[in-house]
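Asks: Sequence lines, in order, name chains A and B.
Note that my numbering gives residue 72 to position 72 of the first sequence, counting from 1, and the numbers run on in steps of one.
Note that my numbering gives residue 431 to position 431 of the second sequence, counting from 1, and the numbers run on in steps of one.
Any given hint could be a false lead.
In silico EDC-like pairs for lysine to aspartate or glutamate, Cα to Cα no more than 20 Å straight-line [claimed, not checked]:
| hint | chain 1 | residue 1 | chain 2 | residue 2 |
| --- | --- | --- | --- | --- |
| 1 | A | 253 | B | 310 |
| 2 | A | 228 | B | 343 |
| 3 | A | 242 | B | 342 |
| 4 | A | 242 | B | 368 |
| 5 | A | 228 | B | 310 |
Some chain B residues judged to face chain A by a derived CB distance under 10 Å, without partners named [stated by the list, open to error]:
| hint | residue |
| --- | --- |
| 6 | 64 |
| 7 | 68 |
| 8 | 113 |
| 9 | 114 |
| 10 | 308 |
| 11 | 325 |
| 12 | 328 |
| 13 | 333 |
| 14 | 348 |
| 15 | 350 |
| 16 | 351 |
| 17 | 353 |
| 18 | 365 |
Don't read these hints as lab results, they were simulated from the structure.
Heads up, the beta-carbon is just placed ideally off N, CA and C, and yes, glycines get one too.
Residue-level listing of the chains:
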Amino acid sequence: MNKKKLSHSNLNSSITSVLAALLCIVIGMAVGFLVLLAINPAHAWGDGFVRIIKGGFHDAPYGVGKELANAAPLIMTGLSVAFAFKTGLFNIGAAGQYTLGAYGALYCAIMLKMPWYVCLIVATILGGIWGAIPGFFKAYFNINEVITSIMFNWIGLYLVNELIYQNGTGPMYDVRNTRTLNLSKNAEYAQSIIPDFGLNKMFQTNSTTIAIFLAAAVAILIWVILNKTTFGYELKAVGLNKSAARYAGINEKKNIILSMAIAGALAGFGAGLYYLSNVSQWNPLNSTSLPAMGFNGISVALLASSNPIGTIFSAIFISHISVGGSFLSTKYYPTEISDLISGIIIYLCAFSMLFRGKIHSMLFKNADKTNVNAEPAPAKTETKKEGK
Amino acid sequence: MAEDFVIEMLHITKEFPGIKANDDITLQLRKGEVHALLGENGAGKSTLMSVLFGLYQPEEGKILKNGKEVAIRNPNDANALGIGMVHQHFKLVECFSVLDNIILGVEPNKLGFLQKAEARKKVVALSEKYGLRVDPDALISDISVGMQQRVEILKMLYRDNEILIFDEPTAVLTPQEIDELMEIMRGFKKEGKSILFITHKLNEIMAVADRCTVLRKGKYMGTVDIKDTTKEELSRMMVGRDVQLQVDKKPAHPGDVVLDVEGVTIHNDQRKKDSVKDVTFQVHAGEIVCLAGIEGNGQTELVYGLTGLEKLSGGKITLDGKDITRESIRQRSKDGMSHIPEDRHKHGLVLDYSLENNMVLQRYWQPEFQKGGFIQSDKVREYSDKLIAQYDVRSGQGSSTIVRSMSGGNQQKAIIAREIDKDPKLLVAVQPTRGLDVGAIEYIHRQIVAQRDKGKAVLLVSLELDEVMNLSDRILVMYEGEIVGEFDPKTTTVQELGLYMAGARKQGKESK
Chain A
1 MNKKKLSHSN LNSSITSVLA ALLCIVIGMA VGFLVLLAIN PAHAWGDGFV
51 RIIKGGFHDA PYGVGKELAN AAPLIMTGLS VAFAFKTGLF NIGAAGQYTL
101 GAYGALYCAI MLKMPWYVCL IVATILGGIW GAIPGFFKAY FNINEVITSI
151 MFNWIGLYLV NELIYQNGTG PMYDVRNTRT LNLSKNAEYA QSIIPDFGLN
201 KMFQTNSTTI AIFLAAAVAI LIWVILNKTT FGYELKAVGL NKSAARYAGI
251 NEKKNIILSM AIAGALAGFG AGLYYLSNVS QWNPLNSTSL PAMGFNGISV
301 ALLASSNPIG TIFSAIFISH ISVGGSFLST KYYPTEISDL ISGIIIYLCA
351 FSMLFRGKIH SMLFKNADKT NVNAEPAPAK TETKKEGK
Chain B
1 MAEDFVIEML HITKEFPGIK ANDDITLQLR KGEVHALLGE NGAGKSTLMS
51 VLFGLYQPEE GKILKNGKEV AIRNPNDANA LGIGMVHQHF KLVECFSVLD
101 NIILGVEPNK LGFLQKAEAR KKVVALSEKY GLRVDPDALI SDISVGMQQR
151 VEILKMLYRD NEILIFDEPT AVLTPQEIDE LMEIMRGFKK EGKSILFITH
201 KLNEIMAVAD RCTVLRKGKY MGTVDIKDTT KEELSRMMVG RDVQLQVDKK
251 PAHPGDVVLD VEGVTIHNDQ RKKDSVKDVT FQVHAGEIVC LAGIEGNGQT
301 ELVYGLTGLE KLSGGKITLD GKDITRESIR QRSKDGMSHI PEDRHKHGLV
351 LDYSLENNMV LQRYWQPEFQ KGGFIQSDKV REYSDKLIAQ YDVRSGQGSS
401 TIVRSMSGGN QQKAIIAREI DKDPKLLVAV QPTRGLDVGA IEYIHRQIVA
451 QRDKGKAVLL VSLELDEVMN LSDRILVMYE GEIVGEFDPK TTTVQELGLY
501 MAGARKQGKE SK
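Produce the entire structure from the sequences given, and follow the hints as far as they go.
Replies: Printed below as a string of structure tokens:
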């Protein structure tokens, strides 16, 4: 009987979260439409709104393939942020960890000509190290991880740019394209590209690999770790109440470092998926902006309420409207318009707690009334004894 | 109007989603009386006071001042009617002087410039009139908790309040300070001020109140004259059944030494002083040793040191013959130490975890509950259900209830179930009944005595002298980080303990 109750209440809360996220999306789209109207009313519907909604399907199957290729690393950076959230940390450093992961993957691919899975592992390790350092400072010196990881974003970016560029003489650098060497242009790098098992043919692209499935598998793995293992139990306990975790004999310092390291590793893995699928190449001359993938991960995590499985869907959605935005005719709209819409959606996600509360009380008003109030539910025997 | 009521709250009903916090409650305060408001936690005392202060609007009922109906929409309205309150948690600005705190919000000024001299005269006069002996220039952070409370009282007097509400005022005071507070209350009474005294301590009601209104689970149980009633009757009205006020316990049969504390010193880095100084004592199997003292005299730090939450700067701790001075928290737990922490929200529970997850907080890693790093959720559920049934922990959805939604008493019961069921050699219980109602206190006391009778060593830390006297087999008094005396509860008195707790007396170093 109790088991039923548990799954019931769990189900209720997942339904509520999903509905809240959908509500954010609907309102965000509506506001986005108003913005389109404001910029260029004549083309707001057909050339604007509809294209964004259609996303990759505007140019299927190519667009869909592109969507999936972009979604894979986004799932990973989303997971990175979500995992840290679950353990009480705010990993704003996913961008930096992603940068290090990109370097690791490209170095192994171009310089060492290693197979793709080794490259991925190295990317993961480098991302993990870049996450662990702010975690270490947090654990032992109580320095806020947000501040350190922001600094590590930039340190990572300049470091990697310098290592690749080396005044234009870097062996990984292709002067003509001002980017790192293109993996698919040269057969000697073939073993470093993630296999596609015919996906490229299916989508008529050249960068749709099994990365999306790898990312989804990792998301499921993370869900299992968080919800089914003693390790996850400890991590969440530290996140929810550090003092109580300590009281229970959990080594909270170790857990903070581990959890930042894992968050970093996830972001690094994401970078590996992106660059080893050869979606694009690293541009070391770009020294003013961090990879957007890192920050979009925050959006993905928020939209998914930090649920690892949820990040799969929210990453695909964000990727969907971004690709949609890229199909907008620049005659009418700037391509950034999709970023604006996803920005509005994310902003609304901040309200999703509010939505969640409202939706929950609307749907399940009668289901768990007892839970609403902090008063003890009077036991039946006692009320009988009193016999009013 | 047959009687001279200064404030009347008639048939107040206030509902929250899913619960009637106040159900047809009537409270009539006479001019110049001390009126006690008695009820367990969650009985509706705070809700009723919030209604009086205009923080909540009742669904039904009305409030009368001197026979005339008044509308109280916010605390300012209440202030204008001369109603003032000393909150349980003081609302003082730590880095302000006493005087600044008193005038805060009603600063006397000319063209925006403060006129403190006048205010000061008034404060000094009031302080003398009621024997409060407060130094208007002292900083709040430098004065004792008892003095801070008097500043709160002065705040009400300065605003010429006629109706003074005291919310659990004695929880933070020593026995001597409590006596003085009672005297101050009597002084107010003589001056014709009316006092509403919220408490769950029956002794104090018997000592100072004229009448008492009792609430239970949001309902009005009646108002009685104190001279016509007894403590037993009051507690029956409050709880709804007979309550054993005295703990029934047989004489102790102390066995071998279980906990041996030798010269333990703990340095507080923030305050740059030793919060525990060279403390030495022992706890034997089958006895309850109680550490008594006023809050902030090193008891908390000592317990942190014993349980491993804080590092010792000197000394040695032995548990059942094993040196555990440098052991980790987990290892101490494995060695047979259970800890009912002082702050159940900070340390005792992960509030956003389900009840079952909290029930295994100390044992989730044991082979019983995990296999290869995977939590055996059915085993956890089974165990949690067993504890819930055995220790009568009540919650909305059983094992899957989020602990945050449970009442304080049941949260505490869950901790006690968890810690006792570990079958420890030593049980360290810190203020195990803090903030709980009489029924729950009775239950927890019985559990602790049962543990002793099973031959466990129990170290109890308590600020409540009634609890200390009732429960312990041996009392150690702590003052400023030192143990200043050892007593046998059968031969000592609350007054004597009070003197040691306040640092007025000290035994020689003969105590072991």
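Asks: Take the hints in turn and mark each one as holding or not.
Replies: Going down the list of hints, with the structure as the test:
1. Of the pairs offered as hints, the one joining residue 253 of chain A and residue 310 of chain B holds, with about 15 Å between alpha carbons and a cut-off of 20 Å not exceeded.
2. With a C-alpha separation of about 29 Å, the suggested pair residue 228 of chain A and residue 343 of chain B falls outside the 20 Å cut-off, and the hint is violated.
3. Of the pairs offered as hints, the one joining residue 242 of chain A and residue 342 of chain B holds, with about 16 Å between alpha carbons and a cut-off of 20 Å not exceeded.
4. Distance restraint check for residue 242 of chain A and residue 368 of chain B: the Cα-Cα separation of roughly 25 Å exceeds the 20 Å cut-off, and the hinted pair is therefore not satisfied.
5. Restraint check for residue 228 of chain A and residue 310 of chain B: the C-alpha separation of about 31 Å exceeds 20 Å, so the hint is violated.
6. Interface hint at residue 64 of chain B: violated, since its Cβ lies 29 Å from the closest Cβ of chain A, which is beyond the 10 Å cut-off.
7. The interface hint given for residue 68 of chain B is broken, as the beta carbon of that residue sits about 35 Å from the closest beta carbon of chain A, more than 10 Å.
8. At about 42 Å, the closest approach between the beta carbon of residue 113 of chain B and any beta carbon in chain A exceeds 10 Å, and the interface hint on this residue is violated.
9. The interface hint given for residue 114 of chain B is broken, as the beta carbon of that residue sits about 39 Å from the closest beta carbon of chain A, more than 10 Å.
10. The beta carbon of residue 308 of chain B is positioned within 10 Å of a beta carbon in chain A (closest approach about 8 Å), and the interface hint is therefore held.
11. A cut of 10 Å between beta carbons decides the hint on residue 325 of chain B: the least distance to chain A is about 17 Å, and the hint is violated.
12. A hinted interface residue such as residue 328 of chain B counts as satisfied when its beta carbon comes closer than 10 Å to some beta carbon of chain A; here the least separation is about 7 Å, so the hint holds.
13. Interface hint status for residue 333 of chain B: upheld, as the beta-carbon distance to the closest one in chain A is roughly 5 Å, under 10 Å.
14. Interface hint status for residue 348 of chain B: upheld, as the beta-carbon distance to the closest one in chain A is roughly 7 Å, under 10 Å.
15. For residue 350 of chain B, the shortest C-beta to C-beta distance to chain A is roughly 5 Å, which falls under 10 Å, so the interface hint holds.
16. A least Cβ separation of about 7 Å between residue 351 of chain B and chain A falls short of the 10 Å threshold, and the interface hint therefore holds.
17. The interface hint given for residue 353 of chain B is met, as the beta carbon of that residue sits about 7 Å from the closest beta carbon of chain A, less than 10 Å.
18. Look at residue 365 of chain B: its Cβ gets to within about 6 Å of chain A, closer than 10 Å, so that hint holds up.
Going down the numbered hints, you'll see the structure goes against 2, 4, 5, 6, 7, 8, 9, 11, while the others check out.
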